[in-house]
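K.L.:
Sequence:
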Amino acid sequence: MALLGPIIKTALQIRETFTASTNHIEAQSDVLKHLLSKAKHTSFGLYHDFESVLNEDDVEHAFAKAVPFYDYHKMDEQWWSRMKDGKPNIAWPGSPKFLARSSGTTGKKSKTIPVSDEMIEAIKAAGTKQVSALINFDLPTEVFESEVLALGSSTDLSNENGFTIGEISGIAASNIPEFLDSFYRPGKEISAIEDWDERVQRIAEEAKNWDIGMLSGIPSWIEMMLKKVMEFHNVDSIHEIWPNLSVYTSGGVAFGPYRSSFEKLFTKPVQIVDTYLASEGFIACQQRPETNSMQLITDGGIYYEFVPFKPEYVEQDGSIVSDAPVKTMAEVEPDVDYALIISTVSGAWRYLIGDTIKFTDVARAEIKITGRTKFFLNVVGSQLSVLKMETAITELQEKFNTCITEFTVSAKKIDGEFHHVWYLGTDTETSDNELATDLDQLLQDANKNYKVARSKALKGVTVNKVKPDVFAQWNDHNKKKGGQVKMEKVMDEEKFEKWEAFVKSL
Numbered sequence: 042m043a044l045l046g047p048i049i050k051t052a053l054q055i056r057e058t059f060t061a062s063t064n065h066i067e068a069q070s071d072v073l074k075h076l077l078s079k080a081k082h083t084s085f086g087l088y089h090d091f092e093s094v095l096n097e098d099d100v101e102h103a104f105a106k107a108v109p110f111y112d113y114h115k116m117d118e119q120w121w122s123r124m125k126d127g128k129p130n131i132a133w134p135g136s137p138k139f140l141a142r143s144s145g146t147t148g149k150k151s152k153t154i155p156v157s158d159e160m161i162e163a164i165k166a167a168g169t170k171q172v173s174a175l176i177n178f179d180l181p182t183e184v185f186e187s188e189v190l191a192l193g194s195s196t197d198l199s200n201e202n203g204f205t206i207g208e209i210s211g212i213a214a215s216n217i218p219e220f221l222d223s224f225y226r227p228g229k230e231i232s233a234i235e236d237w238d239e240r241v242q243r244i245a246e247e248a249k250n251w252d253i254g255m256l257s258g259i260p261s262w263i264e265m266m267l268k269k270v271m272e273f274h275n276v277d278s279i280h281e282i283w284p285n286l287s288v289y290t291s292g293g294v295a296f297g298p299y300r301s302s303f304e305k306l307f308t309k310p311v312q313i314v315d316t317y318l319a320s321e322g323f324i325a326c327q328q329r330p331e332t333n334s335m336q337l338i339t340d341g342g343i344y345y346e347f348v349p350f351k352p353e354y355v356e357q358d359g360s361i362v363s364d365a366p367v368k369t370m371a372e373v374e375p376d377v378d379y380a381l382i383i384s385t386v387s388g389a390w391r392y393l394i395g396d397t398i399k400f401t402d403v404a405r406a407e408i409k410i411t412g413r414t415k416f417f418l419n420v421v422g423s424q425l426s427v428l429k430m431e432t433a434i435t436e437l438q439e440k441f442n443t444c445i446t447e448f449t450v451s452a453k454k455i456d457g458e459f460h461h462v463w464y465l466g467t468d469t470e471t472s473d474n475e476l477a478t479d480l481d482q483l484l485q486d487a488n489k490n491y492k493v494a495r496s497k498a499l500k501g502v503t504v505n506k507v508k509p510d511v512f513a514q515w516n517d518h519n520k521k522k523g524g525q526v527k528m529e530k531v532m533d534e535e536k537f538e539k540w541e542a543f544v545k546s547l
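With my numbering as the guide, the letters of the sequence shown map in order to residues 42 to 547.
Wrong hints could be hidden among the right ones.
Said to hold, decoys possible - Straight line, CA to CA, 16 angstroms or less: simulated EDC-like cross-link-like pairs of lysine to aspartate or glutamate:
no.	residue 1	residue 2
1	Lys351	Asp364
2	Lys152	Asp179
3	Lys81	Glu92
4	Lys539	Asp517
5	Lys269	Glu246
6	Lys269	Asp238
7	Lys229	Glu247
8	Lys309	Asp277
9	Lys305	Asp340
10	Lys409	Asp376
11	Lys106	Asp364
12	Lys508	Asp468
13	Lys165	Asp340
14	Lys305	Asp468
15	Lys305	Glu92
16	Lys454	Glu534
17	Lys81	Glu97
18	Lys521	Asp238
19	Lys453	Glu538
20	Lys506	Glu534
21	Lys521	Glu235
22	Lys268	Glu247
For the record, the hints were derived by calculation from the structure and aren't laboratory data.
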């Protein structure tokens, strides 16, 4: 019987009781006022007259009127570039020590996003909130004294022009408090290994020396790591190595499509807890077992705004038109797709993060990620979100009792007509045609816009099966291999042409 577990669990329970935020609208109002007050004497704050905004009766709408939308390129070119040249007090007081290198799915060149000391503290606080919420789940007491394996990016950060640069998971891991070192795996030495395959090999070698109760990371890479550990030790279940493994905090993408393949690795129950950590900050985490939605962290270092995700408000490149309507936390509605806009303690202002979300419970500020602003498949009016695609893929797995670990899709012209061409990572023996027919029907049943498109401009659906590891090989081919990389679910015509050429070359 664990002796330390009950003590930790009780401490978390007490902390959760005293720190839980229930009024998300008030919390967001306080965050915005703090941001404006703190940054009012920066170059950005003076230019946009934050002092006057703070004196308005309706600060939220005055802020929206005073500051335009910014995407990464606009923010970087107009403001952050000056900070990167060594000038202080540009978009946030002082100069940040860290720059987070984005390893996301879009863009040919990595972005570098400022990470202030305040943001690091906000990420730590959000992580504590996430861990505290585990008391809401029916978990064995032993898990609270077991170790945590966080599979992120390398903590061997680079130093350039006076900044320490790395992916946000690597920056966060390098700032773990010393008192948590004894619980954290794979530890600083292995976490600093840059080469992904070498790092996973070392994890496999050391795995039996650890008592892992919790895992954290992006599903595709966690799954690959678990399989490597099992292969190295010649076991049929990861629980033969880590018998106390009870929690997996998933992040980066929806876990649903990975569930069936993950379950084959477990012989004991594992609680899946969704999180939303982006390069720009820790945005949301699941707080209760009754839902797999995540609660926005409304009392941290981020202020949120929401633009209804409609064709008239969104450009083809995923940017938002300047006069698009914006909703505050007090004005949002459930089950509406919104483009997420954030302002942060790192000096991001009305920043289009590129994700779309919907509220599943407004009062609780609970959301689901529905996709990317660039990843809605809407060439012929089908208005397919990544969430709708992932739901259909999950249902397809259930129908054919198979695993589909990854997918990508593009709208492609064949003989002058648009078709949706899918690539599914699966070992199923079900035919491509049968998969295409059922996937098409599932999407028609779930989305009326897609059903209309199928009766008009969208003339066909094609499915191509590929081996599941092809997607990892593609990321490796593009020098995007590691714990924070996500596969592109929707590709444009140019990228898809390269993808298909790569698949044919294998």
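K.L.:
Give me the numbers of the hints this structure contradicts, sorted from smallest to largest.
P.N.:
When the structure is compared with the hints, numbers 2, 9, 15, 20 turn out to be violated.
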